[in-house]
Amino acid sequence: MDLATTLLSRWPYVFTIVLLLIGLYGMMVKQNMMKKLFGMNIFQTAIILFFIVHAYKTGASVPILDEALGGDPATYVNPIPHGLMLTAIVVSVATTGVALALLIRIYRAYGTIDESELLAHLRDEDGA
Amino acid sequence: MTTPMPESALPILVTVLLLFGALATVAAGLVRRRLAWPIAFTTLVLVLADALVLLATVVRGGPVRHTLGGWAAPIGIEFVVDALGAFVVVVIAAVAVAVGVYAREAVRRENPDQEVAFHGMLLTMLLGLTGMVLTGDLFNLYVFYEISSLAGYALLAVGDRKAPVAAFRYLILGTTGASFYLLGVGFLYLLTGSLNMADVARLMPGLVGNPALPVALALMIVGVGLKMAMFPLHGWQPDAYTYASSTTTALIAPIMTKVSAFVLLRLIFFVFGVDLVTRLLPAGWIIAWLSAAGIVVTSVMAIAQRDVKRMLAYSSVAQLGYIGLGIGLANPWALTGAVLHILNHATMKCCLFLVTGSVALHARRTSVAQYAGLGRAMPWTFASFTLAALAMVGLPPTNGFFSKWYLLLGTLRAESFGLAAIVVASSLLTAVYFFRLLERIYTAPATGADLPRGDASLTLLAPTIVLGVAVLALGLGNAWIVTQVLQPSLPGATRLPGM
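Line by line, the protein sequences are chains A and B.
Here this note's numbering is used: the first residue of the first sequence is 1, the next is one more, and so on.
Here this note's numbering is used: the first residue of the second sequence is 129, the next is one more, and so on.
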């Protein structure tokens, strides 16, 4: 009973954890490397949401000093996590770009992006 | 701290030089391809000079800081450098210069089409790695972590046609690691409201008992452990090292995992504090025993390999185990051994990988069997290879002996005779795979018709000889490094008595 109410009152965090697990599942279980990349993106998005959820305050304003609202920090949302996550989003986009470039090179070389098939190719070439 | 730490522009200069060096390399390379290497190499030499001045400053006058953009910490980001950090930056820069000499010819022969981008990426990766060492901010560390990783994925994908597959697998794992670290930072930020390492460390005692703290610690250890290739998170590493071009491996193998080890040390001893870590989790013992298991398993794997580069890759995971072991044991002797091994393993592994690279280029040989008889054909190359191999085994007076000696003292001090036995036994395992190779090199008759007569060209040979000599010199000079550089910057409780 207590656990259920705790979880419900913190549903954004629960949602984040579910997303994290979906991402991990995609990366660990899927053989298609494109789907692994999807998993990775879901995983990163979950972390971005985690920071944003933490920074959110109901009824607070954008973190730009407003004469009418005064200088009380409680009336503004915390800008630091948003700033951090802006950077994290850039990093995530860059990583996805590099990953897609690698996938194109892999597909051109082997004609597949299935991890188990690729690993079999690698072992063959090492043995030869 | 009683007196404020002096400001210095030396730390930020490392980052600025590498950033603009990378941009200038690519820009000049677009105009004329041959301009890329001279600019990249000049940048590396300047960075090494700056790092040496920084080390001298810090050893003489204590830690320095640089406040970025004039925003004082803990609100702004600051670079904080103590002797330990400056020492690691010097190691990075020195290895980079050695590899830089080698890279000129090797890159032109191995992947001429990517020459310009390759040198640019190389500098970008070093920018990330030095930044990870210099920064005093937890989130800034994440950004540098990702800069070095992204450049690293690109560099590891340059090689034969198998390289992109290994690089992609590493990308997925590496990004997961970085994300775990970021999540750990998120937890710490939730608890403390600060991202500055010194500030978080100051607030840490008030958080004892908070259930989120061990979660943050565990997430950060796993995140850094993945990049460090800490056993059993090392799965990405052997393929990535084996398929990449020789320049990449010779640079990434000695440096990247070491920097992650240094970050782990920073987090455990300077941010969380070793007392707190041992109270929260049996983290020290977990790291120590996992490392010990890793040393044994990957040493046995190394013995089973037929490809020399892959053998060295497994051996790298094993050697990282020594560093993990030292950090995990967290007593003065073990920690000294671990930090000394960061330097020692960087010099010897760089030398070994450079030799495999020049043998592959010059003699077109890669497997253990094909190395037969090369000792006479390429005498100087294999003289330095032998020195580095002996250091890996840990024979005095090479530098490998001293770091292992400190580690062994550390295990005995912790009264963990199981770990002591593993340190000794692993030296024997290392001896098995290196002596097997050395025997082929010097006693077996050469196979194949195209045996080279004489060593590779001077640009390929010189860095290996310099590193081979460094293996000896660092062994003989280890006392100075330990007393002057390492001891003053270790936390009080982890200093050797009498220092």
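For the record, the hints were derived by calculation from the structure and aren't laboratory data.
A couple of the hints might just be wrong.
[Said to hold, decoys possible] A partial selection of chain B residues facing chain A, derived with a Cβ cut-off under 8 Å:
#, residue
1, Ile300
2, Ser307
3, Leu536
4, Leu540
5, Arg541
6, Phe545
7, Ala548
Built from N, CA and C at the ideal position, the CB exists for glycine as well.
Tell me, which hint numbers fail for this structure?
3, 4, 5, 6 and 7
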